[in-house]
Amino acid sequence: MSGYEVLIPTTRHAVKVISITAEAPDIRSVVCLNKTYQALPISAGYEQFVRRPTGIIEKLLGPSAYRVDVSAPITQGDSWQLGLALAHILKYNDEFVDHGGGTLIWASGEVDSQLRVNSVDHIATKIEASREILQSAKENGQRVIFLIAKENLGDLHSGIISGMTVFGVSSLAESCEAIGTKMPKQLTFPQASATPAKKRGKVKALAVLGSLVGLVGLLVFNVPFRSLNNSYQYEQAGQLRMLRMEMRDIRRQKNWVATNALYFFEVMYLSAKSKKLANAITIKINADADANEQSGCRDFNGQVINAGRLPSLSDNDCKVTFEVTSHADNKIRIWLAAIDRTSANTTLQLLKNGAEIAPGQQFFTPAATIKSANFDLIAAISERDDAVWRSWFDNLVAADSIEIANLEMDRLTSTGVGIFQARWRPYNELD
Amino acid sequence: MNNKSQKPVSTEDTETAFLMILNAQKAYQATLNKQQTSSHISVRQLIRLVTGPQTSDDQALLNQISSNFNARRQFRAILNTTALATQHRQAAAASTSSQAPHHRPGDEFDLYLRASSKDDGLFYLQLVISETAKTTKLSTAEVLFAETQGLFLSLPLPNIIERLAQIVLPKGHPMINAFQDPEAEFFIR
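Same order as they appear, the protein sequences are chains A and B. Residue numbering for the first sequence follows the working numbering, starting at 1 and increasing by one per position. Residue numbering for the second sequence follows the working numbering, starting at 1 and increasing by one per position.
Treat the hints with care, as some may be off.
[Stated by the list, open to error] Computed list of lysine to any residue pairs in SDA-like fashion (alpha-carbon distance at most 25 Å, straight line):
1. Lys137(B) to Asp110(B)
2. Lys16(A) to Ser117(B)
3. Lys134(B) to Gln90(B)
4. Lys118(B) to Ala178(A)
5. Lys118(B) to Leu60(A)
6. Lys134(B) to Asp26(A)
Just so you know, the hints here were simulated from the structure itself, not pulled from any lab data.
Construct the complete structure from the given sequences, taking the supplied hints into account.
Spelled out as structure tokens, the structure:
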């Protein structure tokens with residue numbers, strides 16, 4: 001058996017790549033369900049993934065339109081990108097087969113325009129959904145290779161990968177190296193039209209001069225600004241994990257201009273935004289009812305919590321709700337948690353609640369009983385979708401060491417998420 | 001004389017016979033009503049078909065319209081008034097081409113039909129909005145209608161991106177036949 005088969009896992013089933021056909025350039029690339037002539041919803045995304053200037057497949061392999069037939073539907077997401085990119089490369093190298101291959105590649109990851117492989121969600125679920133086909137491949141003596149982003153290595157379920165090879169990769173080139181195929185070199189595309197012969201010499205000289213000027217301009221202006229533009233676009237799209245990776249890559253480039261540009265971007269934009277958002281909410285305590293009919297709780301009803309320290313609370317248990325008001329310029333998403341840190345070893349979560357509120361709007365958390373003990377209130381505020389930063393906030397709330405808490409705080413604030421924190425300590429500690 | 005013919009008829013027999021006649025009449029009436037109901041297509045149904053969201057019953061209703069002269073006339077009038085753009089029948093030259101046409105030019109949109117390189121019977125039908133047309137308005141089109149040989153057809157359109165929408169069709173699809181019929185007319189809405 002020789003050749004490679006490619007599996008693209010989804011959360012419902014594993015999808016096999018059946019065939020790849022280069023189409024005329026006028027055609028828009030399409031992913032079809034095999035034998036049904038049904039174009040899948042990811043076709044529009046696939047077209048962008050293929051065609052220049054956004055797409056990488058044309059840059060790598062030449063043709064600008066393809067039809068891919070797959071065995072089952074892929075309805076959404078971008079995690080198919082790694083599998084399809086590898087299928088294209090294998091096809092280009094004459095190593096792709098739709099059945100009877102010696103190696104089965106299970107690949108899930110996003111591939112960006114720099115050919116980096118980025119992490120995706122639901123890896124464990126996808127493995128579970130592929131279980132049958134993987135088991136069958138193993139029994140048929142096929143070599144099974146898992147290819148995922150390095151960041152996803154922690155998501156692998158230990159049971160399913162026994163006897164199978166796993167690679168955590170950070171680029172498409174690394175992926176090719178891992179499976180043992182040749183990574184094609186990126187093609188160059190001519191920009192200008194043909195020039196009359198008489199003017200060629202002059203044009204050539206001008207072109208050399210222009211190239212030199214352009215090169216200097218590229219080094220001085222374009223590199224940092226392109227990187228910054230990417231960072232800015234990631235922040236605007238709420239792709240905060242990508243933003244952190246982009247910023248890390250800029251630092252690694254050790255380009256003086258780029259590093260300094262990034263510094264200003266972080267300080268003037270992200271950090272300033274984080275601080276502004278942290279100050280864009282007011283949190284008020286509402287203590288309408290005394291838990292266990294004890295008095296004293298109403299004394300702090302309506303008190304406004306300032307960042308840093310909570311108002312003095314009663315020593316008794318008090319049932320309270322928090323009223324959060326937004327003063328931000330735009331709609332914001334807030335997650336708020338109340339934590340009891342009485343025990344040095346464990347963190348007791350009293351309350352965690354989130355909402356999306358418009359400027360001037362309020363939301364009320366469910367009631368929580370607050371004890372006279374070590375008690376923290378933490379809120380994270382962002383204008384962006386919480387798909388990424390919510391997990392950082394959850395980690396911050398559950399952090400059992402100051403190091404972990406600081407790490408999560410850094411992730412949040414360095415990507416422009418505001419953090420509101422207030423602590424209450426019993427009177428004896430205040431004295 | 002035949003004694004049997006003179007046997008008196010009982011009241012019960014008369015009632016039974018009468019009931020049988022009534023049942024037969026009811027059954028006949030019911031059949032008649034059913035035919036009348038199924039052939040009637042309300043204007044509201046016609047408008048819903050043109051302007052409303054696509055449903056799985058649409059083609060069945062379009063077939064019904066195609067077989068009903070009045071409904072066809074009304075439906076055509078509704079399409080003409082509500083369509084975002086229309087592509088009228090092609091010039092005679094188009095129909096005399098030796099090869100099957102792959103381009104239908106129109107004032108506001110062009111249609112192209114291209115076979116997949118895999119040569120397995122898959123075709124790409126592309127709708128391209130003309131550069132002179134009001135792109136913003138036409139880019140909101142959701143359905144492609146065709147009238148060919150007295151039949152109405154419809155297909156949901158994917159999002160029109162950069163003035164182009166592409167539909168994948170199998171060989172022999174009625175819309176391909178409509179494309180190849182120079183007398184056919186296309187509408188988008």
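Of the hints given before, which are not true for this structure?
4
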